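Asker: Protein chains in written order, with this note's numbering: chain A, 45 to 149; chain B, 3 to 159.
Honestly, the hints are just simulated from the structure, not real lab data.
Do not take every clue at face value.
To give an idea of the chain A side of the interface with chain B (calculated C-beta under 8 Å), a few residues [said to hold, decoys possible]:
1) 47
2) 52
3) 97
4) 101
5) 102
6) 106
7) 108
8) 111
9) 112
10) 113
11) 118
12) 120
13) 121
Below, a list of computed lysine to any residue pairs in the SDA-like style, where the Cα atoms sit at most 25 Å apart [to be verified]:
14) 70(B) with 58(A)
15) 77(A) with 116(B)
16) 144(A) with 121(B)
17) 103(B) with 70(A)
18) 68(A) with 156(B)
19) 51(A) with 81(B)
20) 48(A) with 146(A)
21) 77(A) with 79(B)
22) 119(B) with 52(A)
23) 116(B) with 58(A)
24) 143(B) with 58(A)
25) 53(A) with 73(B)
26) 119(B) with 62(A)
27) 116(B) with 133(A)
28) 119(B) with 142(B)
29) 46(B) with 120(A)
30) 120(A) with 90(B)
31) 64(A) with 103(B)
32) 144(A) with 115(B)
33) 55(A) with 121(B)
34) 70(B) with 66(A)
35) 64(A) with 73(B)
36) 77(A) with 78(B)
37) 68(A) with 42(B)
38) 119(B) with 114(A)
39) 119(B) with 59(A)
40) 152(B) with 75(A)
Since we're looking at a predicted model, the values are computed, not measured.
Cβ coordinates follow ideal geometry from the N, Cα and C atoms, glycine included.
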Amino acid sequence: MASKSIKLKAKAENGETTVKALIKHPMETGRRKDKESGELIPSHYIQEVSCSYQGEPVLTTEWGPTISKNPFLSFKFTGGAAGEKVELTWKDNKGGSESKSATIT
Amino acid sequence: MNANMKRRLFLKASLAAGAVGMAVGAGLLTPRTVLAARNIAAFKAETVGDALKEGMGSDAVTDSAEIKIGGPDNPENGAAVPVEVTTTLSGVQSIALLVEKNIKPLCGVFYLGKRMKPEISIRVKVGESSDIIAVVKSGDKLYSARKSVKVTIGGCG
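Input sequences plus hints: build the corresponding full structure.
Answerer: Below is the structure:
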């Protein structure tokens, strides 16, 4: 599953894997006003991010709109070896969703 | 919430394995029940206490020195404040991140699978100078730590 919005990197070291993800997303809170029209910009934010390792769920998160724009997420899990796969999926409040898998280095 | 988390992980894991997949096929479980419902009330809560009651099941928290919140103290721009939560508590089930003075304090809840190390980095929006609170659920009890950050430009638009 190709995704343009997710940059995903995973590196195994000393028996644990560090995953770093950068997601391109506006994360609109719904409280911001358009500078020209003065109208509220509707909320548009990621609500759920989940990450799995070789098909096994590792981390599931629920987000509100106060996670920053273009969210950066980093975490660690035990195990993992070069060549194995991690996959990350996000879903937003407008029904948008993208997944990306990366090979652990 | 813990049971909920376990159910999520269980269902996801077993769906992958195909065990529950058959139940879905047989109409016993609809896909809607497989995706655990989003905890709307927790994210709508306007106080830290309410957000914890809805999101973590209780607002009874114990301060713990075993939780560390990293990141800059004076990030200036509140639009993207780096926060790093680490803890030496064992058996961490979930971690909630809140910004006390934000209109809706709850930023996110992280449910940790078995393999996860309790080390998470994320960036949050901080509307005005406030305390950032991390609440860790371990052994069905809640522990928390806080850290104050100063922002000169609010990050909530």
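Asker: What are the numbers of the hints that this structure violates, sorted from low to high?
Answerer: 1, 2, 15, 24, 29, 31
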